[in-house]
Amino acid sequence: MTDKTRVVLVDDHELIRNGLSGVFDLQDDMEVVGVAASVAEALTRCAELRPDVVVTDLQLQDGTGLDIVRALRKQSDTIGLVVLTMHSGDDQIFAAMEAGASGFVGKDAPSTEVVKAARHARVSPRSFVCAGLVQAMMRRSAAESTRLTDREHEVLLLLADGLGAAQIGQKLYLSESTAKSHIAKIYQKLGATNRAQALVTAMRIGLLSSIKPA
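According to the UniProt record's numbering, the stretch in the sequence shown is residues 1 to 214, in order.
One should not assume that every hint holds.
With a cut-off of at most 30 angstroms between alpha-carbon atoms, the simulated DSBU-like pairs for lysine-lysine come out as follows [said to hold, decoys possible]:
id, residue 1, residue 2
1, 171, 4
2, 185, 171
3, 116, 4
4, 116, 74
5, 107, 185
6, 189, 171
7, 74, 107
Since the hints were made in silico from the structure, they are not lab data.
Produce the entire structure from the sequences given, and follow the hints as far as they go.
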């Protein structure tokens, strides 16, 4: 790839825009062709300049960087879109990925990571990269594996009230064996071997926030 990668930078802080511009200008294969401070300005600039890659802050005065990502991704599958943010929690990572971003970088990361993400975005715009993606996916998977059905949550609440399988079955109009099956599934999802462990774990992850286990 002989042509320089044309980059537009979007951030509502001039100091950060200037700092990023300096970093990209040091790269032989990259060229900052424009900057913007808002969603509206970014979309206008991108329409005018047709950049290869857009690096945008997440929080902007008139919206978010994800608004830019969604709008530009609808227009093109080949534009690189990198989200740069101070708020790099799991929700933000998945939101960026689902919006169509090519990469996600925390502002606390070295400047080399921003450049690396931009290079990736140029060659693989629809392949999402993020340093914390694997860990975020593991946390999401763990949360989903412990998610109880509505019926299981009803059984859990009755377990917390001290009821046994037979009593739970009577309360919920279930057979005792069905109630036991629900209890076993709850224990499995919560990684517990008995009632006390299940209730402690349920309390810890917020399923029984208002109930104190016996």
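Taking the hints in turn, this is what the structure says about them:
Restraint check for residue 171 and residue 4: the C-alpha separation of about 70 angstroms exceeds 30 angstroms, so the hint is violated. Restraint check for residue 185 and residue 171: the C-alpha separation of about 18 angstroms stays at or below 30 angstroms, so the hint holds. Among the hinted pairs, residue 116 with residue 4 is consistent with the structure: their alpha-carbon atoms are about 15 angstroms apart, no more than 30 angstroms. With a CA separation close to 24 angstroms, the supplied pair residue 116 and residue 74 stays within the 30 angstroms bound.
For the given pair, residue 107 sits about 42 angstroms from residue 185 by alpha-carbon distance, which is inconsistent with the 30 angstroms threshold. As the CA atoms of residue 189 and residue 171 are separated by approximately 23 angstroms, the hinted pair is consistent with the 30 angstroms bound. As the CA atoms of residue 74 and residue 107 are separated by approximately 26 angstroms, the hinted pair is consistent with the 30 angstroms bound.
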